[in-house]
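Visitor: Protein chains in written order, with the numbering used here: chain A, 1 to 330; chain B, 331 to 656; chain C, 657 to 997.
Don't take each hint at face value.
Unchecked claim - Using 16 Å as the maximum straight-line C-alpha spacing, the simulated EDC-like pairs for lysine to aspartate or glutamate come out as follows: (1) C/K975 - C/D959; (2) C/K938 - C/D740; (3) C/K683 - C/D740; (4) C/K760 - A/D168; (5) C/K684 - A/D42; (6) C/K890 - B/E377; (7) C/K774 - A/D218.
Treat the hints as calculated values from the structure; they're not laboratory data.
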Amino acid sequence: MSSVTDRALGPPPVWRRLIGRQETAAFICLVALLVFFSLTADNFFSTRNFTNVLGQASLTLIAGIGCAVVFISGEVDISIGSLLATVALPLIVIMNDTNSLLLGVAGAMAVGLAVGVINGFLSAYLGINSLIVTLGMMFTLRGGVYLYTGQRAIADDAGLDSFIALSDGRLFDVLPYSAVIAIILLGVFVYVLRFRRFGRQIYAVGGNREVARLAGYDVRRVKFTCFVISSLLATCSGIILAARVGSAQHIAGLNFEFQVVAATVLGGVSLSGGIGSLGGMTLGVLILQFLSNGLRGLSLPTEWQLVITGAIIIAAVALDELKRRRAHGD
Amino acid sequence: MTEILRTGASGRTSFASLTGSGQLVLGVLLVALCLGISAAAPQFYSEANIIAILRQCALVLIVASGMTMLIIAAEVDLSVGASLAFVGCVGMAVLNATDSLALGLVSALAFAGAVGLVNGIVVTLLRVNSLIGTIGTMMMLQGGVYLFTREAVQNHHQLASFTALGAGYWGPLPIPVIFAVAIFALCAVTLRFTTIGRYLYAVGANERAVRLSGIRSARLKLAAFVVTGLCVGVAGLILASLMNAGQPTAGRGFELTVIAAVILGGTSLTGGSGSLFGTLLGVLVLKVIDNGIIILGWNQDLQMVVPGIIIILASYFDLLRSRHHA
Amino acid sequence: MALITKLLMASAAIIIATSAQAANMPKKIGYVTNYATHEWYQNVIKGMKAHAKELGIEVEVQDANLDIAKQVSAAEDFIAKGVDVLILTPVNEEGVVPLLRRAKAAKIPVVLEGNPVKGMTTLVAICDYDTGYFAGVEAGKYAKQKLAGVAKVMNVGLPLLSATVLRSKGFMDGIRTEIPSATLVHDLDGGGNPDRALEVSAAALAKNADINIIYGINDSSALGGLQAWKAAGKSQDNLLTVGTGGEGLAFINAIEKEPSYRIEAAMFPEKEGFTTIDAAVKVFNGEPVPEHIVSPTAPIIGDSWKTYYSYDGTTRSIKWDAVNALKPPAKCMETSADLKK
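Here chain A stands alone, though its shape is the one from the complex (with noise of 0.2 Å):
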């Protein structure tokens, strides 16, 4: 719609169209937060701790690839907080057992798969709301590894080089491998949405179904995909995470699901679906990534940091909403 308008207006001045792009909320949001902490909170501005922040940042970020995608497609999936938890158990387990970081990772992504061919099958085929299947699953597979584990964190007994290379070890000694695979990953998927037919149906299928369906998109496939992405890849959040807990944790992920919506919503991408990039989900995690970060460097207690962060997620979710409102002068 903006689009027409603009185009018979010839082409906008270049300052119009960066506004008018919806990361750049976010973009500005995340540049006053770098400088603000600069000036203000002890060894911010520093190598170490930006790299630091990258490899924190990586567990919400590969996740948040997931959640974004799910989102665009029209539907959300929250059971990714319990699946990060259920994925360690098959990791560790059979890493115990074997020595072998690679069979590890084939059982934890095995049922990171069933996982997401589940929540796929429930929404997409059976045509169940996707929130209460998620939610139904997030409470199932909490309490699945409660039960199995019987409420302890299982150790990871192997110490397998590999394995504690992706908690420790650092590309060229500054990056950490977690945020390599985070940004491999990204890269992938930002192709894949921008060039490759898939990506162009997930946006249909979001945006507008009976047009994609009438444009010969198998609707139902495209989604039941998404879901399956969403839940290996938090399967690979769920893998770091272990790496850097050196152990499969039974209350892993508690409240995850809660910080993955938020940065994609602060994104800029769209609960309602069709709106939105993983640009603007990777600003959506830094933000808040480097917003924790800083207010740990001033030392501030829980309480405010709570305070402080609810207050940015609403202010940084209802600019971006007056922004568009803006755009689409409504």
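Chain A is already provided as a structure; the job is to place chains B and C on it using the hints.
Guide: Coordinates of chains B and C only, in the frame set by chain A:
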């Protein structure tokens, strides 16, 4: 693949015609649960246990009554758990300061109503998606309650009337149950028999159409948020009375129980359909399961697994029913 | 004369020793706690900061807020910042193993608080089993005197943590030294928080109210159990409630106002914080430290809480002399390692 789906579909229709109504399914499930648990453990239907279940249901039902209206209007409030804890602390602090039950009640309601109002403003005026907006207010309330008090607010006033709020009886019925029934009835009548109720359904079903027809949908939603807030106010005070203290740590995960009960009761998360009677059944089913697992001496971790599966199954049956009608 | 010279030399040596020690104080200690908004940890932090201030050390506190991933991130921040000593209260024992590895790589000594971790240098913690045990012994004595020698216990527990499992086990073992026939009627998961404890206890009491002792693994659990008892309309005449922790004002209030709340297994969080700072100074200087430095606990019966605390109506203050006089055992009777057997 399509063939499998088709045969599956025909099987479904015949089954759905048997069930007829989503609430009937829940009702049958509830009766089956009660009979099953009673058969395995006769203590289940003792007077003491029934009262314990009802009292636990009361807290959830009070908040779920407001939440049902909100979800029917296609919004949701995730901050109710955090607000529940905060309200208890505020109410107890005012009671300690004033020794007056009335002032304590008023302040708790005012606080909770204000929280609802803020949520409503964030959603209607700032147009923030309620799922995200109320995560934001949830975090602010969680932080805020610790700024308000670092310790549990103890009962220094020792008002008998306050203790009665949670633990008292009116005839054979616990007082929280009376509150729950009254609030439930009020909300049910509003939804079913008043213009406001019909508008709430309409706003949830198609907000744009409703706005075009001249109804102020934002005000309706705002009202639904405030009503939910007020319900939290009542529940928070009852909980504080039951615990004999304002606990800043209370209410963790409460929002999920409430929302689970509402959607289990057949209210659609996309808005526009649902009923309070369904919510009542949803609350009862969840709490009977919770209680039954303890009475049967089963592993308490099942208290998460069983509701999770039941929520998915119930919404599936509900979907079958609606497809059958369509 | 020779004696005087010796004395002088000795005191000079002491002065040199203390000044040398003062020169070797860590400048900055980073503490990542697991749940700073909880009263227990607030009082641990209070004790830490008070003692650190005496020694001229800066303590910076970060809160994991029960999130293991956040704990790792916060500790990572501290390591990047280069604190002199890192103190950790693990959200989970297994989950901080990588942190110890990384701190070691960065040559930052670590002190654990609360729970032991594989590969640690030293841990400051109470003995959970012993705490429950001695409260159990006192409960047994009380039941002999006032409850006709009968002990039917409802344990409002928390299976999530080995520490809380040990407390419950210790309590039952302790009570059986006095009353061998003591039975555990209900063994509940109260989630460690008051509303869940209330709900679970209400259901359990409805199933079987034939109990006369409520044991809670913390004060919230004990009070949740007691409130369920009261809500069921029962009198506290033949009931004994035993709480654990004494972390905040709740237990003082309960002892003063609830007739059945007679015993508290007090764990003195302020003292635990105090001891942790001492341990941090020692590991900073490379002094030998035991693997487990025990922080004392003691059962408090009725009004005797006033021995250890004063209360001015809004805050409580610890009486250091009384608490420092408590002699902790060198070793715990049972630890989490025994649970795994």
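Visitor: Look at each hint and say if it fits the structure.
Guide: Here is how each hint holds up against the structure:
1. The straight-line distance between the Cα atoms of C/K975 and C/D959 is roughly 15 Å, inside the 16 Å bound, and the hint therefore holds.
2. As the CA atoms of C/K938 and C/D740 are separated by approximately 12 Å, the hinted pair is consistent with the 16 Å bound.
3. Annotation: proposed proximity of C/K683 to C/D740 holds, straight-line Cα distance about 7 Å (limit 16 Å).
4. Under the criterion of a C-alpha separation no larger than 16 Å, the hint pairing C/K760 with A/D168 is consistent with the structure, at around 12 Å.
5. Taking the CA atoms of C/K684 and A/D42, the gap is near 14 Å; set against the 16 Å cutoff, the hint holds.
6. Between C/K890 and B/E377, the direct Cα distance comes to roughly 14 Å. Compliance with the 16 Å bound is thereby established for this hinted pair.
7. Taking the CA atoms of C/K774 and A/D218, the gap is near 53 Å; set against the 16 Å cutoff, the hint is violated.
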